[in-house]
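Visitor: Chains C and H, in that order, give the protein sequences.
The numbering of the first sequence is our numbering, which starts it at 1 and goes up by one.
The numbering of the second sequence is our numbering, which starts it at 1 and goes up by one.
Since the hints were derived computationally from the structure, they do not count as laboratory data.
Mixed in with the good hints, there may be bad ones.
Quick list of in silico lysine to aspartate or glutamate cross-link-like pairs, EDC-like style, CA-CA up to 20 Å [said to hold, decoys possible]:
#1 K7/H to E179/C
#2 K2/H to D148/C
#3 K37/C to D19/C
#4 K2/H to E167/C
#5 K67/C to E29/C
#6 K71/C to E23/H
#7 K67/C to D96/C
Okay, the calculated beta carbon distance ranges per label pair [unchecked claim]:
#8 K178/C to P16/H: 24 to 34 Å
#9 I66/C to A58/H: 45 to 55 Å
#10 S43/H to R172/C: 56 to 66 Å
Yeah, the Cβ is synthetic: ideal placement off N, Cα and C, and Gly gets one too.
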Amino acid sequence: MIKKLNSKSNAAANDTEQDIAARIAGGDEAAYSSFVKGRARYYYNVAYRVTLNRQAAEDVVQNAFIKLWEKRSSIQADGNLVAWLYRVVVNLAIDDKRRLKFSELHENFEGTDGAAEEEQKDITNKINKTLATLPPRQRAAVMMVYYDGIPQKEAAETMGINLKALESLLSRAKIVLKEKLVGEAA
Amino acid sequence: MKDSEIKNLFANLNVPAPSVGFEDAIIAKALKPKRSFFAAYASVAAICLFVISGSLMAPTTQPADSSDYAYILDDSLAIDDDIYDELI
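Excised from the complex, chain H in its bound form (with noise of 0.2 Å):
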């Protein structure tokens, strides 16, 4: 087979013509601008860092009322008492 009659096929092969506004589709899509994500993975860590460091920082426990703090108050006089006694 002659190197020609390859060539003459696929000069006599019917290309199509591409869809109506086939090169502004290119330029369209090639130059919109990118949507960019850095603020919202900013305001997204920074949420998780405030969550974060909310949950580190709130105590465990918490005394329920003022009577609790009585009762702490009672003991250590209590104790304090006792080494008074001693040193008497």
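If we strip away everything but chain C, and leave its shape as in the complex, we get (with noise of 0.2 Å):
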């Protein structure tokens, strides 16, 4: 997962993982910083797709680099900082009280006109209704194993759930989107 999330997200770095987690173990800012600068866009597109709300988003970004540098001591050269982070970050935005309101929907295509932009417009306003009708939990697990391409396996110990429990999740989740876009097909 650990190769995939970091072929995914923006880092051009020259370090190692491994180098990286340990300088900034050792308290070095600058890796820090230039790891934060590298991987928070990534980290918050994950993060929204799970709250569905950019401040959410946002802040559980936020949220969890804090995290990281508070606990940076604890940790370990050769551990997957990438995916301890994606962890806190999945686990932060299914926390996160805020949802999306059908307001903000268009709020995020302010600006736009045209005929195109007015079709895409409908388009992922579309899209985005059908996914905030899952509760988080769901939306997390499906963004996980369907987008992402994560391991069922490795997706549940994300959440701290058995493997039951996230295919329990995943089902769920699939029959709300069928009828869901089914139902607007019709």
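Join these two chains into a complex; the hints should help.
Guide: Put into structure tokens, the structure is as follows:
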């Protein structure tokens, strides 16, 4: 999973993840700053897909990175820093109480005009509304397994649940999404 | 429902850009030096100790003036006199 996450993120560092982890663990502020600048956007996208709320996603990522700095002394050099942070972000996003307000869907498209953009706006609004019907835990499970391609076992570990519980979340999410998409298409 | 359809839902989700300076705000907040409360705690503790020790050391009763001492002295002399009287 780490390799996959690494490849998806924007980190263009010469250092390996272990080097960065070791430097952060040693209190290297430059290494930490570089890590934040390289990865924050990726984790923001993860958090947004769970919260569907921009401010909530920003807060989640901020809290996750602050937690990382506060717990830097317990980082293991051979540990999986990227995966650890992914787990923190996903769980903070699930726990966040703020939810997408449908009025915000339109705010995201302010300033756009034209027929093509209107059509795109409608499609994206429909997607947002469809995903918003899922509870955060189901949305997080679906995002990890079907979008990020994380194996179900690892996704379950990330959420701190067993495999059966994850399968149940995925199954229920599929039913809801199918009903929503078929219902809107009809 | 196909897995790819679900993947497309997320792929086509419009993720708004975070606020300007988002990363810098994280760094500034995380690296902000935390205020040390040790000096504040130490000074409060010193004041408390001073007040408590002062109240413990202070005498509970004090003679009002020198005549009180004289009265005590006179009594002791009188008692002493009685003792000597008996001995004689």
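Visitor: List in ascending order the numbers of the hints, as given earlier, that are violated by the structure.
Guide: The structure breaks none of the hints.
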